[in-house]
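Undergrad: Reassemble the complex: the two chains are provided individually, in unrelated frames, and hints are given to aid placement.
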Amino acid sequence: MTTTVDADAVPRLGRGVRMRHDTSRDRHVLLLPETVVVLNDTGTAILELCDGTRTVADIVAALRERYGDVPEEQVHAYLGRLVERRHVEMTK
Amino acid sequence: MTRDDAEQSPTMGTEKPEGPLGLLAELTYRCPLACAYCSNPIEIAAYRDELSTADWQRVVTEAADLGALQCHLSGGEPLLRRDLADIVATARDQGLYTNLVTSALGFTASRAAELHDAGLDHVQVSLQADEPTLSDRIAGTPSFDRKIAAARTVRELGWPLTLNVVLHRQNIDRVDQVLAAAEDLGADRIELANTQYYGWAWRNRTALLPSREQLAAAEVTVRAAKERLRGRMEIIYVVPDYYATYPKPCMGGWGARQLVVVPTGDAMPCLAAHELPLPRANVREASLRWIWEDSPMFSAFRGTDWMQDPCRSCSRREVDLGGCRCQAFALTGDATRTDPVCHLSPDHGLVESAVEAANEARGSRTDLPLVARPHA
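For the record, the sequence lines run as chains V and W. Quick note on the numbering used here: the first sequence kicks off at 1 and runs consecutively. Quick note on the numbering used here: the second sequence kicks off at 1001 and runs consecutively.
What the hints contain is simulated information worked out from the structure, not anything from laboratory work. Be aware that one or more of the hints could be misleading.
[As the list claims (entries may be wrong)] Okay, the calculated beta carbon distance ranges per label pair:
no.: 1; chain 1: W; residue 1: 1371; chain 2: V; residue 2: 44; range: 49 to 55 Å
no.: 2; chain 1: W; residue 1: 1173; chain 2: V; residue 2: 61; range: 52 to 58 Å
no.: 3; chain 1: W; residue 1: 1365; chain 2: V; residue 2: 25; range: 47 to 53 Å
no.: 4; chain 1: V; residue 1: 44; chain 2: W; residue 2: 1067; range: 15 to 21 Å
[To be verified] Pulled from the structure, derived: some chain W residues nowhere near chain V, Cβ distances all over 12 Å:
no.: 5; residue: 1030
no.: 6; residue: 1124
no.: 7; residue: 1284
no.: 8; residue: 1347
We put the beta carbon where it would ideally sit given N, CA and C, even for glycine.
One chain only, chain W, in its complex shape (with noise of 0.2 Å):
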């Protein structure tokens, strides 16, 4: 969710925040997926103590009063919430557009219907390669042909169909077989998104990042298919940030445009910042509206006087807004620092070292073992 909305920029200043655009709402990370990018915390286990269908109805109507447009049910697998048609149900009521972004496993056919009687308007089925070999072993369990049969339940009852597929060192080389797969499932976009390293990827770095000559493969690729399918089906490419010159405008901003519910009720303005050094801030103990306006996890990295040099006095600190918090701490250990993917980040030699391992000393391997995450 870093490359919509570009019309909206944030809001500066000591006014009251725009509200935000969408509420991602991490429902569980109970996943029965292991895959080793999964963008979840290391520490999965200490958010059994998931939010009530109650906690949720109230956090999805705050969310809209506070101006969101979307609702987001997401995880983990958010199919492992028995109550998640009520809180759908709850979310249209209050208008907001909702989507589902699941592993697709436990999409049965009475499932879809319930969902689609509560009014869910879209689902995204991630997939981790065009064939069940790869897929079942990047997902850590069989789940191919389960997958396939669940997007094809989507389009049967009239749903746009968006794919999902992380990019890594152990599928992008076959973006073309992908790109036929989604034609042939009658897909209405499909998102590649090449993996950003936090959580479970972070650990995995080494297995996962792709080679320079990888990727300017799969870029030819891409760009032919986005001309020949043009009109029929949209493609996303996110493009890995390890190998760009500047650093994605994460989120949008910090505390811009979106927000993010994890199962326990921390609030975050991005689904990485777990471990930054901000207070919690936890919808069963304030309102949506003081976390959102006041509180300092999602004040801390508003609008630009947060920064230091370069960032600070760069002409671009606007448009990419120093890129994300989360990368920063995670590599550096300051989350004020500037976005080390960026080439004028004085810290940018702790990426060049993982992209110059990844094109030198593992050769062409592209089969190197996975730290899976745990299913809960």
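This is chain V alone, in the form it adopts within the complex (with noise of 0.2 Å):
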């Protein structure tokens, strides 16, 4: 079962999720209740941009501008993932 993700939602990090840059280890990571999950590059991108405000279409636009062709689809799949696993939480 895969979670869809609608282009007009507005992700922000879920209830109780934090991110931050990990300076010792020189990476990011979300930091949960008992567990640190450890972010790549293209999650950090994704992330960064989950502020609330932004739909899910705004953030394929940014990322877009950022690093050329962004597969749609991919930024969908990762989010949904994300909200299945309550690190994220789409506020409509």
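TA: Shown next as structure tokens:
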């Protein structure tokens, strides 16, 4: 089962989830109760745009501006997985 | 804390070990509850000389400098420390994710507001059962109603809520009702953690170890609930290792990810390591960096060099890391032996006989008397 992501939805970090740079290991992480999720560069770029104001479509557009060709379905799939794990929530 | 962070493996060889991911700060062993499965040491009275506020603030800062990302504030009951919010504030200043692990007794509206202002990230409330009679009997004190009220306060203040229920012979038949109560409270997560037999739980093992039949029924319920609640409530089920084939990779490896500091300042790789025959390492006498990187306490079982057979030559030695050192010591008197819950352990009979007793001699009784831990 995969969670479908609506292009008009507005994602933000889930309740109790924090993102920070782990300076001693030089990487970005999501911090949750009892868990540390290590992010790769793509994940970091997407999650930095999940600010509770941008829509998923805005995020794809912003990523394309920065990185050129970004497949929409990959961003949707990534966010869908995070929503399922409640690391991200959709505000509409 | 044995199941997360699977991405990371412990550092081997002579290099400095990578820093810890988490600090478990056991602020006090005083507690208003008297749970018979408490992981605190039997000699609780020996831990009254607690670290000061300034000591804890230094420990938290040194842990963050070493690379820790999370700070779990536990006990005993951490709310009995009047300086809890000051310690939380320091941890937040250091960028740590702060997690309060509480019985919820003393979690008043004003205390909750103070902790919220200090930046506390998350609250985990323990429940002993889904209803007051059993919950209060297991907790050894009337507490159920206050726990429910506290859980509601957590959600009202916008915190994520985790419930933690230690499962054993006397409450495991009510897993379904426990899950319903958690749903009703709007919990984000529930940890259903089968008892691990250290400290007081070890002393009460006969009255706590469930039967095979009880476990099988609970596992069916949990599997169905995980499916039904997917995306709404996370369910973490911690398997009972006495019934497992292989041991758990305890703490993700000795001195690999977690750093525990107990009320008197002793630092240990695991919260059950009090009785292991290793030289103590105390934050009043040494820096946390020396303790983590160089102390005999933390070096003793790092990596795989310390292992005996069957672990030494086992293809799973990097998977389960020999299991739990504290369990090996409790059951065999030798902390370097294979964890006896492993079916390959020459000492596995010690576990099998406890399991057989739980399935035969006591019949269906689920209310055997418990030895309560003292409050302080």
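Undergrad: Which constraints among the numbered hints does this structure fail? Numbers only, ascending.
TA: The structure conflicts with hint 6 only, although it agrees with all the remaining ones.
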